[in-house]
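Visitor: In the order they appear, the protein sequences are chains A and B.
Residue 12 in the numbering used here sits at position 12 of the first sequence, and the numbers go up by one each step.
Residue 99 in the numbering used here sits at position 99 of the second sequence, and the numbers go up by one each step.
Incorrect hints may have been included.
[Stated by the list, open to error] In silico lysine-lysine, BS3-like type, Cα no more than 25 Å apart, as pairs:
id : chain 1 : residue 1 : chain 2 : residue 2
1  : B       : Lys-312   : A       : Lys-23
2  : B       : Lys-287   : A       : Lys-36
3  : B       : Lys-365   : A       : Lys-20
4  : B       : Lys-312   : A       : Lys-20
5  : B       : Lys-287   : A       : Lys-14
6  : B       : Lys-376   : A       : Lys-36
7  : B       : Lys-287   : B       : Lys-189
8  : A       : Lys-29    : B       : Lys-373
9  : A       : Lys-29    : B       : Lys-2
10 : A       : Lys-23    : B       : Lys-189
11 : B       : Lys-365   : A       : Lys-51
[Said to hold, decoys possible] Some chain B residues flagged as far from chain A (calculated, every beta-carbon gap over 10 Å):
id : residue
12 : Met-1
13 : Ser-34
14 : Ser-320
15 : Lys-339
16 : Pro-340
17 : His-344
18 : Lys-376
19 : Ser-378
20 : Pro-379
The set of hints was computed from the structure by calculation and includes no laboratory data.
C-beta atoms are modelled at their ideal positions from N, C-alpha and C, and glycine is treated no differently.
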Amino acid sequence: MADIKSKGNTYSKKALDYFKNPKYAGDMKNPDAVGKVGNPVCGDVMHIFLKVTKNKIEDVKFKTFGCVAAISSSEALCRLAKGKTLEQAEKLTNKDILDHLGWLPPVKMHCSVLGAEGLHEAIRNYREKHKKA
Amino acid sequence: MKTIYLDNGATTMVDPKVVQEMAPYFEEKYGNASSTHHKGQEAKMALEEARETIAKSIGARHDEIIFTSGGTESNNIAIKGIAFANKKKGNHIITTKIEHDCVLNACKWLESQGFKVTYLDVDRQGFVNPDALEKAITKSTILVSIIHGNNEIGTIQDLEALGKICRKHNVYFHTDACQSYTKTELNVKKQSLDLVTMNSHKIHGPKGVGALYIRNGVKITPLLHGGGHEHNLRSGTENVSGIIGFAKAVKMTSSGHVRQMRKLRDYLIENVLKIPETMLNGTVGDKRLCNNANFSFKYVEGESIGAYLDAKGICTSTGSACSSRSLEPSHVLIAIGLKPEEAHGSLRITLSRFTSKEEIDTLLKVLPGIIEKLRKMSPLADAGSGW
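The shape of chain A in the complex, shown without the other chains (with noise of 0.2 Å):
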């Protein structure tokens, strides 16, 4: 926490890299599973999009609305998620992309919780769809 606080309201080189070069942002062609989560009026939506192979998440992207936090949250988590089986995926949480990133201003931090709510939706949209076929 000392070391976060240290940081100010600056963003990680990382985080900026991620924001400026985001590789896994944009659509998803019939996605297996998507997570929506964060509301416009809060000023951070997520929708996460998952494509799973033998219970593997094979691709993933996101679409996002919000800040440099939400973008690079958004960013990191579909980076952390990519080639995970869905039960490591689920065991992924807001500590890992704040550990992935540096670190986030501290009023940001609800930005890397949101970021592992989405791809849980996500998780939790693809199993009921599997549940039904």
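Chain A is already provided as a structure; the job is to place chain B on it using the hints.
Guide: This is chain B only, laid out in the frame that chain A set:
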């Protein structure tokens, strides 16, 4: 990477000629203006000349100006100083929903001390309705405080009309002129003003200096007690070098600069509005600060726009919640009727007399691409106009 500074509503570059004017007051003319020896008197003379410059610029007398540490302090003295000194007359203050935080928070604090505050609404362009002001005045009203040029959306209030009402009802009238000072007419007599907040760092002067006009005869109490500086209203050794810089900055302003900024502002607005689903916040023409433009871009978030612009060396600001400490969208944008999601997508661009057309052209070249890139990333854009 060359910096393009378009955040002059936050602060401005100190004019090199201002720095030059200040320089002797550090190592050579360093006297304390309260000292009776020649070093002190040298500083005192310069201080009083500066006071005269500020007074003249708003049609006031030199003994009606006190120097402060800036806009926040001037606003605090005006509001709390009037409230404390006029308690016997009443406990009601009228202000607006679009004031700077230092006015709003001073008023909120006074509410905790037993004062009553009315926060007037504004219309879609950000104007206060003079009739609404008149209706809000009661027998216990002691002060009306209304911002002159709004710091976010640039709307300039009709002080003359508002001032007449205050005078008619014998209520003190204060305006926060931090953004408007030297950019549009400010005349304490014509506009029936009792108190005016001014500052230096928005007009190419140094930071940490401001002034407060207090009309002779106004009942006010100081916040800082000490050696009795500034007519007993603001104790503390005067920041002579800063004050000299402030006065020089005032002298360097001109109506030509205002016309030049207004022309560039209108060119900027015209071209930014070519981006689809973009709107201008505030009003147009002479009733908008000559250096202010404020836009809302649908489906995208302001801090992100600002961060992409910053990556290209362009400094701007936003009213988005994400950029504020409170995570609340701008109270000014909400007061003019924007939905929170529209306020989140706002970008403020503020010019100075040093801003060139080439700089605006560079911004216009990169901005449409940034908005497009962010919209491609935004799930809201898919939903269309329904946000």
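Visitor: Work down the list of hints and note, for each, if the structure agrees.
Guide: Going down the list of hints, with the structure as the test:
no., hint, result
1, B:Lys-312 - A:Lys-23, "holds, 20 Å"
2, B:Lys-287 - A:Lys-36, "violated, 43 Å"
3, B:Lys-365 - A:Lys-20, "holds, 18 Å"
4, B:Lys-312 - A:Lys-20, "holds, 11 Å"
5, B:Lys-287 - A:Lys-14, "violated, 44 Å"
6, B:Lys-376 - A:Lys-36, "holds, 17 Å"
7, B:Lys-287 - B:Lys-189, "holds, 20 Å"
8, A:Lys-29 - B:Lys-373, "holds, 19 Å"
9, A:Lys-29 - B:Lys-2, "violated, 41 Å"
10, A:Lys-23 - B:Lys-189, "violated, 61 Å"
11, B:Lys-365 - A:Lys-51, "violated, 37 Å"
12, Met-1, "holds, 14 Å"
13, Ser-34, "holds, 39 Å"
14, Ser-320, "violated, 6 Å"
15, Lys-339, "violated, 8 Å"
16, Pro-340, "violated, 5 Å"
17, His-344, "violated, 4 Å"
18, Lys-376, "violated, 7 Å"
19, Ser-378, "violated, 4 Å"
20, Pro-379, "violated, 4 Å"
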